[in-house]
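Student: Go ahead and model the full structure; you've got the sequences and the hints to work with.
So this note's numbering is basically just the index in the sequence shown, starting at one, shifted up by 32.
If you're looking for bench data, these hints aren't it; they were derived computationally from the structure. A hint or two may mislead.
[To be verified] Derived Cβ-Cβ restraints for the label pairs, each shown as a range:
(1) Lys-81 x Glu-136: 16 to 26 angstroms
(2) Thr-185 x Ile-44: 24 to 34 angstroms
(3) Ile-44 x Glu-133: 38 to 48 angstroms
(4) Asn-118 x Asp-138: 21 to 31 angstroms
(5) Leu-72 x Asn-153: 33 to 43 angstroms
(6) Arg-186 x His-128: 22 to 32 angstroms
(7) Met-111 x Ser-48: 38 to 48 angstroms
[To be verified] In the DSSO-like style, the derived pairs of lysine-lysine whose C-alpha atoms are separated by at most 27 angstroms in a straight line are:
(8) Lys-81 x Lys-140
(9) Lys-51 x Lys-147
(10) Lys-81 x Lys-147
(11) Lys-152 x Lys-73
(12) Lys-162 x Lys-147
(13) Lys-162 x Lys-73
(14) Lys-152 x Lys-51
Source: prediction; values computed, not measured. Every residue gets a Cβ at the ideal spot worked out from N, C-alpha and C, and that includes glycine.
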Amino acid sequence: HDRAGFSEHYAIEIGSPRKNDPLLVRLHCACFTGDVVGSLKCDCGEQLKDALQILSVNGSGMLIYLNQEGRGIGLANKMRAYELQNQGFDTVEANHRLGFEDEERDLKIGAQIIKLLGYKNIRLLTNNPKKVASMSEMGLEVVDRIDLITEPTRENASYLSTKATKSGHLM
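Tutor: This is the structure in structure tokens:
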């Protein structure tokens, strides 16, 4: 729960991870449109589904679900960004036109949760080097970064390309 009381974040433990073993973890930020409604504009819902499958097959791990919709700009602003994207702007340009940075999320909250639960070493399911850096900056050892790559579709290919070229995601 953040200090202002506006958001609750969730840690869902799969199986019985051992505190001394590197924790397999997916740090996933809320995406109502992708996770719940099945939007084709992003890969969030597909990544969440794939991560849960990997955690299940592994037999243990954790999903950290941060309520930081739209890279931290909120659902209403995300809808405004979608409208700008419909006008030809990419996701980063749309956020800038709305007065936001590329990235408004506080990923360090995820590291705080993991540390609070007693883990020190993690295997992180992500394509985002910034998530790895945030975990390391908070004192967690990222012993492995595991790709979570989805197949581009006609609807999200441009979005995925922008994530790779402008946000540094490893695709």
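Student: Does the structure keep Lys-152 and Lys-51 at a Cα separation of 27 angstroms or less?
Tutor: holds (8 angstroms)
Student: Take the C-alpha atoms of Lys-152 and Lys-73, compute the straight-line distance between them, and say whether it is at most 27 angstroms.
Tutor: Distance of about 35 angstroms is beyond 27 angstroms: violated.
Student: Would you check the hint for Lys-81 and Lys-147, treating anything up to 27 angstroms between C-alpha atoms as holding?
Tutor: holds (25 angstroms)
Student: Taking the CB of Thr-185 and the CB of Ile-44, does the distance hold inside 24 to 34 angstroms?
Tutor: holds (27 angstroms)
Student: Are the Cα atoms of Lys-51 and Lys-147 separated by 27 angstroms or less?
Tutor: holds (10 angstroms)
Student: Against the 27 angstroms threshold, does the CA-CA distance of Lys-162 and Lys-73 hold or violate the hint?
Tutor: holds (22 angstroms)
Student: Is 38 to 48 angstroms a correct range for the gap between the Cβ atoms of Met-111 and Ser-48?
Tutor: Given about 40 angstroms between the Cβ atoms, the range holds.
Student: Is it true that the CA of Lys-81 sits at most 27 angstroms from the CA of Lys-140?
Tutor: The given pair, whose Cα atoms are some 23 angstroms apart, holds under the 27 angstroms limit.
Student: Has the hinted range 16 to 26 angstroms been met by the Cβ atoms of Lys-81 and Glu-136?
Tutor: holds (25 angstroms)
Student: Range hint 33 to 43 angstroms: satisfied by the CB atoms of Leu-72 and Asn-153?
Tutor: holds (36 angstroms)
Student: For a C-alpha distance cap of 27 angstroms, please report whether Lys-162 and Lys-147 respect it.
Tutor: holds (18 angstroms)
Student: Within 38 to 48 angstroms or not, the Cβ separation of Ile-44 and Glu-133?
Tutor: Violated, since Ile-44 and Glu-133 (Cβ atoms, about 29 angstroms apart) do not stay within the stated range.
Hint check: violations occur at hints 3 and 11; the rest are consistent with the structure.
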